[in-house]
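**Student:** Relying on the hints, combine the two individually framed chains into one complex.
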Amino acid sequence: MIRTLKVVLFLLCLVPFFLLIWGAFTGNLGANPIEAITHTTGDWILRFLVLTLCITPLRRLTGWNQAIRFRRMLGLFAFFYACIHFAIYCLSIANLNLADIGTDIAKRPYVTVGFTGFVLMIPLAITSTKGWIRRLGGRRWQMLHRLIYVSAIAGVLHYLWLVKLDITFPVRYGVVVGVLLLFRVWTAVRSRSPVTQVSGG
Amino acid sequence: MLIKRATDIPSSEITSEHLYRNRRQFFKAAATTLGAASLSAFLPAPSFAAASKYDTDEKQTPINDVTSYNNYYEFGSGKDEPVVNARAFKTKPWSVAVSGMVKKPATYNLEDLLKGIVMEDRIYRMRCVERWSMVIPWHGFPLATLVKKLEPLPSAKFIKFQTLYAPDRMPEQRQPTLHWPYTEGLRMDEAMNELTLFAVGVYGKEGPAQNGAPIRLITPWKYGFKGIKAIVKMEFTDKMPLSAWMEAAPREYGFYANVNPTVDHPRWSQATETRLTGGVFDQLRPIKTRMFNGYESYVESMYSGLDLRKNY
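For the protein sequence lines, the chains are S and Y, in the order given.
So the number in the working numbering is just where the residue sits in the first sequence, counting from 1, plus 221.
So the number in the working numbering is just where the residue sits in the second sequence, counting from 1, plus 85.
Treat the hints with caution; some may be incorrect.
Here are the computed lysine-lysine pairs in the DSS-like style, where the Cα-Cα straight-line distance is at most 25 Å [claimed, not checked]:
| no. | chain 1 | residue 1 | chain 2 | residue 2 |
| --- | --- | --- | --- | --- |
| 1 | Y | K290 | Y | K234 |
| 2 | S | K328 | Y | K395 |
| 3 | Y | K233 | S | K385 |
| 4 | Y | K175 | Y | K200 |
| 5 | Y | K290 | Y | K200 |
| 6 | Y | K138 | Y | K189 |
| 7 | Y | K138 | Y | K373 |
| 8 | Y | K144 | Y | K177 |
| 9 | S | K385 | Y | K373 |
| 10 | Y | K164 | S | K385 |
| 11 | Y | K177 | Y | K324 |
| 12 | Y | K373 | S | K328 |
| 13 | Y | K395 | Y | K242 |
| 14 | Y | K233 | Y | K188 |
| 15 | Y | K144 | Y | K164 |
In silico contact screen, one side only, chain Y against chain S (beta carbon under 8 Å); selected entries [said to hold, decoys possible]:
| no. | residue |
| --- | --- |
| 16 | S153 |
| 17 | S162 |
| 18 | E215 |
| 19 | T262 |
| 20 | S354 |
| 21 | T359 |
| 22 | R370 |
Think of the hints as simulated: they come from the structure by calculation, not from any bench.
Don't be surprised by glycine CBs; every beta carbon is placed ideally from N, CA and C.
Extracted from the complex, chain Y is given alone in its bound form (with noise of 0.2 Å):
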């Protein structure tokens, strides 16, 4: 994908230096550490550094983790299949269909529609509803930029997103796990707020498919499975979508998704979680998880007056 920085725009504006600078070392690092894979384990994590106000500083997933252990039930309903089975899966070429109540619906190739989009790194915490979580460097920009330039109407509340269906290339699509192709839906300020992203990449470029390349879904305030992979579809809608989950387990899943320790999956707790950061004796012990996965002064006021119990 041909994504050009805008070069009219400084680029102290856009990202530090010293995250710059960070971002060498860490490619050195990572040089170093895929020549000599086999002792990866032993040595110490390349990371980014916390450059933007929403950036953690925790510990972050190694990259190799991160790529390797995936939800991604177009290629499998194991989290280690779609790293195998997504090897060969082609993000290029690649068009989203906007359409619905926006000004400027149209099939765009992926490469106009991202043209002039500035990417950034955020370092944010992931948390699955299945109760581990991972620190990652998204590679990305904020929705709402793109949001802005497709110019929704007054009358769109939602947008419902939805992945490639490709049984031929995404194996498990050939399966009736969920009912495809998958779908997920933000309420309107949830798309503009400043957290939510759409990432081309994670540590610092674009890729791979399996963490959902070309383009997916990033809202760290929520549980993993809103981040929809490999988008093809975005409709501006005033109807609440229903997501592929909604869809399979209503009991279980709704629309919001918001982490949320004091409301538990209907099978197990959400109090605490699994903080992958590569050793298993770090892993040992749970941690406790965050009210909106810690991103409360963000989000929380989008949902004063909501039971957030009954819209889980």
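Isolated chain S (complex conformation) (with noise of 0.2 Å):
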């Protein structure tokens, strides 16, 4: 069952990538399909790091723990579609000069955020196997797992930024972030209390 759903999953996840694929082939990318290419890749990145950062609060709610066996797939998918962001970033801005691509991320504050986020999630990504779980024992896996949470601030931060003058998008993601960010704060007060002993994660 949970396979199946996984299988599913994976191929949804897919969606967006084939859509830009398709569209950039038959030209329906609109005016400037650069820039639609870097902003749908950044809105999945956003929403898959959020969909991943549901799944401890959708399990502690609902006590649905299978959830779990979705959470690497989630972010990995945010990985892949920031890898993408990345990769255009330097072709279409800095024609994949190395030298500009490193002025433009020590001088300019929203690349410097993204970038951030970006490098953040490496790790995470190399060591979302289970090997790597028990290699670094549980707790030191959790403990550099939380990395994602940096990541997420981070790419709204770097969304927030960048934009001219209408902040309701990057606002939104705030918002949603915040609230799952407060959660974790929630859980781990709550479990600091004498009377229950939760583990935050």
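**Tutor:** Here's what the structure looks like:
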């Protein structure tokens, strides 16, 4: 059952990717297809980060513990879209010039923060396997993977700092990420009280 | 809009025969393309031939992209919104209020204001502050022609332009996105520059509304946001006007808004741009942005002695 659902979810997660490929080859991405690809992948990074962060609250609130089995895939898809997003940026803005990319990352706060969010996802993607959980030990692995909080916040700031005027969408993402992180704070505070001993995550 | 061509001017003086013939070819090609709209992406885009010294012969942005990707906040802050939200926007009747330091202040019916003015086509580069650019054949006339007719007083140093304010027809004006109505300004010498146009349309004809019809400003050496659309007010003044973007973000947008690859937007580089020419794979790599968008020879002298870093 979970296996089938995982296959379905995997295919669903690829839909935005194939829509972009299809759009690129049929000329259906509008006047500025590069911008369309950048914005679409950017949106999907944030959506997948949000979905990944929803798994723990979902388990706590519904008791459906099987949800954990989808988390790795969702997180890896956030990373997958982040790789495309970063590659398009390197091509279309910096023309693959490493010095220009370096300058841009150092100089522009929205690039700095976006790049930070992306780089922090790399160790998480690498250590997302069962083997790495075993090697690191559950507790250390969990500590490391809390970096996703930083990536999610970085992603929201990146979006917020690049929009020209209308901050509606980055603020929406900010509220959602904020609520999901507050849930962690709330469970951590509750678990510290002597009555209940539930580990945070 | 009934814009009559002045019959007393020989057409040879207005537009070359070559361009006229080419225009017919364009309309033929456009009709064919529209007939096969779904295939248009694969057909060679119709284009104007460069006919005057002002025209660039670079690859033109397809008309479909020019008319569907617009920064026009009155009709929505997304660039895909104006083409939808401006569909029912009526540009007739239209009046323009001329006021201030000018000999002929009045509220003019646009048709009267443009009476006797001969329309021409100019193929210009357009560089947006957001790092993308297009090549667009504008249909219009030099602003200087109109300004001379209105006879500004010597005390007038600037022209302040304003867009229509009509929240019932321009839906985004119900939101406080920008301080409405949209306001822009030019120094008098900029307004009189031979490159500066009042455009009534694109690709050889009037409209559409999402491109600023019935009348908009074109200053190809400046970032696109200077090109105020749906103009209803022109005030001749001795004070530098405060533009809508200066008011919204003074640290990011200045009065001059000259295209300058060496002066970055505070948040992003202006050294390169994505030229929108219709193909995703052509556009994957950026091109270098040119000083004054490549129009240095026409405009440089206006800014000698001006610190362009401070006067962005």
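**Student:** Each hint: holds or not?
**Tutor:** Hints, verified against the model:
1. Y:K290 / Y:K234: holds, 24 Å
2. S:K328 / Y:K395: This hinted pair holds, its Cα atoms lying about 19 Å apart.
3. Y:K233 / S:K385: violated, 37 Å
4. Y:K175 / Y:K200: holds, 20 Å
5. Y:K290 / Y:K200: holds, 17 Å
6. Y:K138 / Y:K189: At roughly 32 Å apart (the allowed maximum being 25 Å), K189 of chain Y and K138 of chain Y break the hint.
7. Y:K138 / Y:K373: Roughly 22 Å between the alpha carbons, so the hint for K138 of chain Y and K373 of chain Y holds.
8. Y:K144 / Y:K177: violated, 33 Å
9. S:K385 / Y:K373: holds, 22 Å
10. Y:K164 / S:K385: holds, 12 Å
11. Y:K177 / Y:K324: Violated. K177 of chain Y to K324 of chain Y sits at ~31 Å, over the 25 Å cutoff.
12. Y:K373 / S:K328: holds, 19 Å
13. Y:K395 / Y:K242: holds, 20 Å
14. Y:K233 / Y:K188: Cα-Cα ~10 Å, so holds.
15. Y:K144 / Y:K164: holds, 22 Å
16. S153: Interface hint status for S153 of chain Y: holds (6 Å vs cutoff 8 Å).
17. S162: S162 of chain Y check passes; min Cβ-Cβ to chain S is 4 Å, inside 8 Å.
18. E215: holds, 7 Å
19. T262: holds, 6 Å
20. S354: holds, 6 Å
21. T359: holds, 6 Å
22. R370: R370 of chain Y check passes; min Cβ-Cβ to chain S is 5 Å, inside 8 Å.
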